[in-house]
Structures are given as C-alpha cells and as structure tokens.
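A.B. asks: Here is what each chain is made of, one letter per residue.
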Amino acid sequence: MGIMAFTLTYNVALVMFGAGVLGVAAGVTGTFMFLRKRALLSDAISHATLPGLCGGFMLMVALGGTGRALEGLLLGSAISAALGLLAVNFLKSRTRLSEDAAIGAVLSSFFGLGVVMLTLIQNMSAGRQAGLDQLLLGSTAAMLREDAEMIAIGAALVFMVGLVLHRAMTLTAFDENFARALGLNVPLIDAAAMALVLAVTVAGLKIVGLILIVALLIIPPVTARLWSNRAAYIWPIAGAIGGASGGASGLIGAGLSSLAPDLPTGAIIVLVAAGFFLISLLVAPARGVLASAMRHRKFQRRVHRRQGLLALAQGYRILEPYTRKLLQREGYVRADGVMTERGQSAATAAQRDEARLAYLRSKPDYAEFLSRHDGLSDLSRAFTRDELAHIDIRLEDAS
Amino acid sequence: MLRLHQNDQPLDPQSPLAIRGLSVSYGEKPALFSVDLTVAPRSMTAIIGPNGAGKSTLLKAALGVVPRLSGQVSIFGRALASERHRIAYVPQRASVDWDFPANVRDVVLMGLYGKIGLLRRIRRDDQAIAEDALARVGMQDFAHRQIGQLSGGQQQRVFLARSLAQNADLYLLDEPFAGVDAATEAAIISVLKKLKDEGKTVVAVHHDLSTVTAYFDHVAMINTRLIAEGPVAQAFTTAHLQEAYGGRLATAQIDRLREAGHY
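As given, the protein sequences belong to chains A and B, one line each in that order.
Per the working numbering, the first sequence starts with residue 1, numbered consecutively.
Per the working numbering, the second sequence starts with residue 400, numbered consecutively.
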C-alpha cells in the first residue's frame with residue numbers, strides 16, 4: 001500500500017512536470033501564431049502528424065522492431081507535419097487560395113490518410129499497435145521518466161528560442177512591411193515560429209495527443225489577451241496559463257483515475273484551459289465582460305451627469321428618470337428637483353466648459369489644442385490652469 | 400533573373416535614393432516598368448500619380464519589402480543592405496491592425512529595433528529617444544494610450560514618431576496625409592520641413608495635387624512608368640500631369656494646381 005501510494009505520487013509529479021513545462025512552451029509559441037493571426041495553422045500542423053506517426057510505426061515494424069520506439073514515432077510525425085506545412089504554403093502562394101481554405105484542405109486530407117493508415121495497422125497487427133491510438137488524445141498512464149525528460153528538454157528549448165525571437169516576432173506580427181524595411185528576414189521568422197509549433201506538437205504527442213494540442217497553443221494566448229493590452233505581457237501570461245493548465249490537468253487526471261482510468265489527458269488539458277478562458281472572459285480587467293460592462297456603465301453615468309448639469313444650468317427640469325436619480329444620489333438636486341448648492345456650482349462649471357469648448361471649436365488654430373480633450377470630462381483635466389485662464393480672457397473679449 | 404534594363408553607369412553616389420530600370424509585378428501585369436529615379440539630396444520629393452500607378456510599390460520595392468523583377472537600387476551610392484540603418488520607412492497607416500495589443504510607446508520603441516536588437520533590455524536612453532520623438536509630433540501625453548483608442552490622425556503621428564526614433568537620413572513615407580485631420584496634416588508637414596532643414600531627405604507618396612507645390616520642392620510623377628522627375632517648377636507641368644493622369648484632369652484644373660504654389 002505504501003509503495004503504491006509512492007508510485008502514484010511520483011507518477012503524478014512526473015506528469016504534472018511534463019505537462020506544465022509543455023504548457024509554458026505552448027503558450028509562448030501560440031502567442032506568436034495568435035498575434036500573427038495564423039492560429040489555425042497550428043491545427044493543420046498537428047493534424048498532419050498522423051500519417052507520419054503511422055508511417056514511422058510501419059517502417060519500424062518492417063525493419064523488425066516493435067514499432068513503439070517513441071523517437072521513431074516522433075521523427076515520422078515531424079516529417080509529415082513539415083510536409084503538411086509545405087503543402088499549405090504551396091497552395092497559398094501558387095494557387096492564390098486563401099490560407100484558411102488551404103489549411104482546411106491539407107488538414108483534412110492528411111488526417112484522413114492518417115486514419116486509413118491507423119486502421120490498416122490495427123487490422124494487420126492486432127495487439128502490437130497498442131499505444132498508437134493513445135497518441136491521438138494523449139495518455140499519461142504509461143508515462144516514463146525518460147518521456148517526461150524528453151518533453152521537458154524539448155519544451156525548454158522551444159521556450160528559449162521563443163524568448164530570443166519574441167521581439168522580432170512581435171514586430172513582424174504588428175507591421176510586416178516595417179519589419180521587412182528594417183531588414184528583418186520575415187519568412188525566416190515565420191518559419192522559426194512554425195518550427196516551434198511543430199516541436200511543441202511533437203513533444204506533446206504523448207501527453208496531450210495530436211488532436212487537442214492546438215488547444216494548448218491557442219487558448220492560453222487568447223486568454224492572456226483578455227488580461228493585457230500589451231504584447232510584452234501577453235507572452236508571459238500565456239506561458240503561465242499554459243503551464244498552469246498542464247500542471248493542473250496532471251493532478252486532476254490523477255484524481256479522476258480511480259473513477260475513469262482511461263480518461264485521455266488531452267481532453268482534461270483542454271477543459272482546464274477552457275476553464276481559465278471562461279473565468280477570464282468574465283473577470284479579466286482589460287477585455288473581460290464584467291469590466292467592459294462596468295466601464296460602459298461608468299461612461300453612461302458621466303454622459304447623464306453632464307447632460308443633467310447642463311440642463312440644470314439652463315433652467316430646464318430634468319425629465320429623464322435615470323438622470324434625475326443620478327443627480328439626486330450624488331447630491332446635485334434635492335428630492336423635489338431643486339438644485340443644491342453643490343449642484344449650482346457644478347452646473348455653472350459645466351456651462352462654462354461648454355462655452356470654452358464652443359469657442360475653441362470655432363477657431364481652427366485651436367484644433368491641435370482641442371484634440372487633448374475627450375469631449376466630455378472637465379476641461380481642468382485636459383488643460384492647465386494657465387491655459388484655461390487664457391481661454392477665458394479670449395472668451396470675454398469675444399463677448 | 401530577367402534583366403529588362405541595362406545601364407553600365409554607376410548609380411549616383413550623391414543621391415540618397417537612386418533607382419535604375421526598376422520593374423515590379425503582381426502576377427502578370429507590371430505595377431512598375433523600368434522606372435529610373437534619382438532623389439536629390441536634402442530634398443522633399445513627392446511621388447504622385449493616379450490610383451494604381453505604383454506609387455506605394457515604388458517605395459516598397461526600393462526597400463525590398465516587395466520583390467523586384469529587375470532593376471537596381473542604391474542608397475547614398477551604396478547597396479541597400481549596408482545602408483538600411485539610414486532609412487526610416489513609414490508604411491500606410493491602414494496596412495496594420497490597430498487593435499494589436501500595444502500602447503503608443505511600444506510602437507515608437509519598434510523604431511529602435513535596429514539599435515536594441517533581439518535581446519537587449521530597453522534602457523532609459525531608449526525611453527528618452529521615444530519620448531522625444533513623441534514630443535516632436537505633439538503626442539507626448541499619449542505614451543501609455545492603447546493604440547486602438549487613437550484617432551486616424553493620432554495613429555499617423557505615432558507612425559511618424561516611430562520613424563523619428565530611427566534617427567535616419569532618408570525618410571520614405573507612404574501617404575502620410577491620407578485620412579488625417581487638418582491639424583495633423585499641418586503638424587506632420589512642419590515636422591517634415593524641420594527634417595529637411597536638418598539636412599535629411601524626405602520622399603513621400605502623395606495624392607493631394609493641390610498641396611504639392613506648397614509642401615514639396617521636388618516631384619516624381621509616375622504611372623507604371625516614370626513620367627517626369629525634378630524640381631516642382633520643371634516637372635509639375637500641365638503636359639506631364641496630363642500624361643500621368645490622362646483625361647482625369649481638365650486643363651483648367653491643372654492650371655489652378657500649378658498656380659496654387661506661386662504665391
């Protein structure tokens with residue numbers, strides 16, 4: 001019993017480590033594909049690994065092996081993924097097909113071929129193919145120390161290359177023409193990014209499987225985008241989310257293993273990452289749904305407050321119920337609709353700002369100056385006291 | 400490679416940008432055919448011509464942004480590869496996605512890529528260069544603004560600031576006045592004129608014929624082929640405009656355009 005508990009913990013730690021490092025590398029790599037608007041290409045790359053995987057197996061069996069050596073399988077899958085990538089590029093550049101159409105054609109053809117080969121293998125050599133189909137959806141059941149080490153080394157290399165290239169990649173993703181004009185080798189940068197995706201896919205075959213690895217490449221950067229408006233922060237956030245998804249799913253997989261021993265890890269990783277995404281979609285401050293709604297409410301309040309104060313300044317009664325409630329709650333008017341002292345001074349200030357704005361707008365020379373103001377907030381926020389005094393003098397001269 | 404133009408003379412060593420026999424095509428139709436151009440040093444040169452004449456392509460091909468079918472380009476009499484650091488390129492504002500996750504300062508710092516390279520940390524002196532560039536275009540208060548929140552004119556100023564940060568000797572701008580407000584247009588032209596006064600060379604793709612004489616001292620008129628190049632007074636003529644624009648411009652309109660600059 002004691003020994004069993006130890007093995008479980010050791011295995012869980014191994015899986016958590018492997019999946020976590022893989023997740024970090026995938027998050028960082030996926031960020032470039034996402035910023036470059038080529039996220040779908042990762043899907044083509046991963047699906048195109050299947051024929052190579054099966055081809056590698058067949059070749060190893062034909063040469064007298066068991067066909068289960070991981071190195072051979074990974075090499076085969078890398079070759080066929082690279083072929084798939086070349087096919088997408090060829091279709092795009094030579095036939096003027098759009099990239100998404102080319103991806104769709106290549107992805108399905110390669111995967112179809114792979115499924116046929118997989119079926120052949122299963123029919124020809126029943127029993128020996130055990131494990132091959134696990135590379136579709138990922139499995140941690142047979143995870144060895146060497147496997148975890150290989151994944152970790154591959155992922156660490158990917159992470160380092162991503163770190164070195166991230167500045168060039170950001171520049172290329174934002175403004176390709178400018179990058180080329182600076183002398184950056186854009187095709188080489190794109191090729192490097194593809195190579196990283198390929199490396200992540202191959203390294204992740206064992207744990208995540210080839211069908212769902214794309215989730216680990218795309219969901220972390222998409223989630224990170226909700227948290228930050230700057231590429232410089234999206235890279236590390238995506239890496240952290242990828243790593244957390246990988247690590248957490250190792251733990252969850254172990255927890256569920258007594259209930260469902262054959263649960264594929266790829267599916268758990270996707271669900272964990274999707275969970276991060278859903279939570280972020282709600283609560284993230286930069287682009288989350290709640291934050292956006294709150295910003296909108298706040299802006300609406302500002303508009304109503306300003307409109308209400310201007311109406312008061314001109315002696316109108318406020319009929320709009322929301323505006324009336326707002327002004328009342330903020331102490332600008334009493335319950336019977338009469339202005340308070342605070343309301344009086346705020347209304348006068350709003351009125352004065354409107355007059356200043358009208359004056360500035362009427363003089364084309366002030367257009368540059370006026371562009372500092374958002375058209376709604378107090379002028380004292382956009383202009384200095386001296387500048388306002390200057391405007392007021394001109395205003396008095398004009399009237 | 401197909402050589403459509405043979406010229407044994409060395410390209411002008413004085414010229415910041417000299418082009419010989421440049422042809423570019425997208426597909427089968429030539430966008431530019433055998434264009435020669437010698438930009439005068441310390442000039443402000445407008446590249447004008449009708450829509451689809453190859454104005455933007457000319458800049459892109461000169462910089463190697465799009466591949467050349469034939470022709471040679473020299474920068475200050477030397478090969479492009481060795482002189483890239485002396486060129487600042489401002490692409491069309493609409494060529495990028497302004498929803499990209501970056502703030503104004505991030506974009507301006509991209510102009511320092513040649514100086515900073517792949518890995519070096521951004522130092523205080525780099526920040527100072529970026530801030531100074533922003534101040535020159537009147538955007539110093541916007542350094543931390545998300546680029547997606549900028550108006551068209553502000554976006555153009557940020558692009559100009561990025562090129563200023565490069566501290567180049569030759570500025571190539573692709574339609575810097577397209578879709579910007581009057582205040583921005585005035586601010587940009589004043590920055591460009593200051594560059595000229597500092598001894599820099601400015602080349603801009605331009606499509607507002609009514610401001611050519613007021614803004615520029617040299618003009619290159621193209622319509623797939625080069626129609627005319629030289630000082631505005633000699634190249635910006637009725638005959639050349641009609642050749643470049645065909646029936647699109649009436650003679651009366653052209654006379655008015657030419658008079659616009661003769662105060």
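Check each hint, because a few of them may be wrong.
In silico DSSO-like pairs for lysine-lysine, Cα to Cα no more than 27 Å straight-line [to be verified]:
| id | chain 1 | residue 1 | chain 2 | residue 2 |
| --- | --- | --- | --- | --- |
| 1 | B | Lys428 | B | Lys514 |
| 2 | A | Lys298 | A | Lys363 |
| 3 | B | Lys593 | B | Lys514 |
| 4 | B | Lys514 | B | Lys592 |
| 5 | A | Lys363 | B | Lys593 |
| 6 | A | Lys325 | A | Lys298 |
| 7 | B | Lys428 | A | Lys92 |
| 8 | B | Lys592 | A | Lys363 |
Covered stretches of chain A, going by a simulated chain B footprint (3 or more residues, C-beta under 8 Å) [what the hints assert, rightly or not]:
| id | segment |
| --- | --- |
| 9 | 72-80 |
| 10 | 367-379 |
Please keep in mind that the hints were generated in silico from the structure rather than gathered at the bench.
This structure is a prediction, so every number in the text was calculated from the model and none was measured.
Even for Gly, the Cβ is constructed at its ideal location relative to N, Cα and C.
A.B. asks: Decide if the proposed pair is consistent with the structure: lysine 428 of chain B and lysine 92 of chain A, CA atoms, cutoff 27 Å inclusive.
C.D. replies: The hint holds at about 20 Å.
A.B. asks: Take a quick look at whether lysine 363 of chain A and lysine 593 of chain B sit within 27 Å of each other, Cα to Cα.
C.D. replies: holds (25 Å)
A.B. asks: Is lysine 325 of chain A close enough to lysine 298 of chain A, meaning Cα to Cα at most 27 Å?
C.D. replies: holds (15 Å)
A.B. asks: Quick one, are lysine 592 of chain B and lysine 363 of chain A close enough, alpha carbons at most 27 Å?
C.D. replies: holds (25 Å)
A.B. asks: Holds or violated: are the alpha carbons of lysine 593 of chain B and lysine 514 of chain B at most 27 Å from each other?
C.D. replies: holds (23 Å)
A.B. asks: Take a quick look at whether lysine 428 of chain B and lysine 514 of chain B sit within 27 Å of each other, Cα to Cα.
C.D. replies: This hinted pair is violated, its Cα atoms lying about 39 Å apart.
A.B. asks: Three residues or more, CB to CB closer than 8 Å: is that satisfied between the segment 72-80 of chain A and chain B?
C.D. replies: The restraint on the segment 72-80 of chain A is violated, since only 0 of its residues have a Cβ under 8 Å from chain B and three are required.
A.B. asks: Can you confirm whether chain B covers the segment 367-379 of chain A, using C-beta to C-beta distances below 8 Å and requiring at least three such residues?
C.D. replies: holds (count 4)
A.B. asks: Check the hint pairing lysine 298 of chain A with lysine 363 of chain A against an upper bound of 27 Å on the C-alpha distance.
C.D. replies: violated (31 Å)
A.B. asks: Does lysine 592 of chain B lie within 27 Å of lysine 514 of chain B when you go C-alpha to C-alpha?
C.D. replies: Holds, at about 25 Å.
Going down the numbered hints, you'll see the structure goes against 1, 2 and 9, while the others check out.
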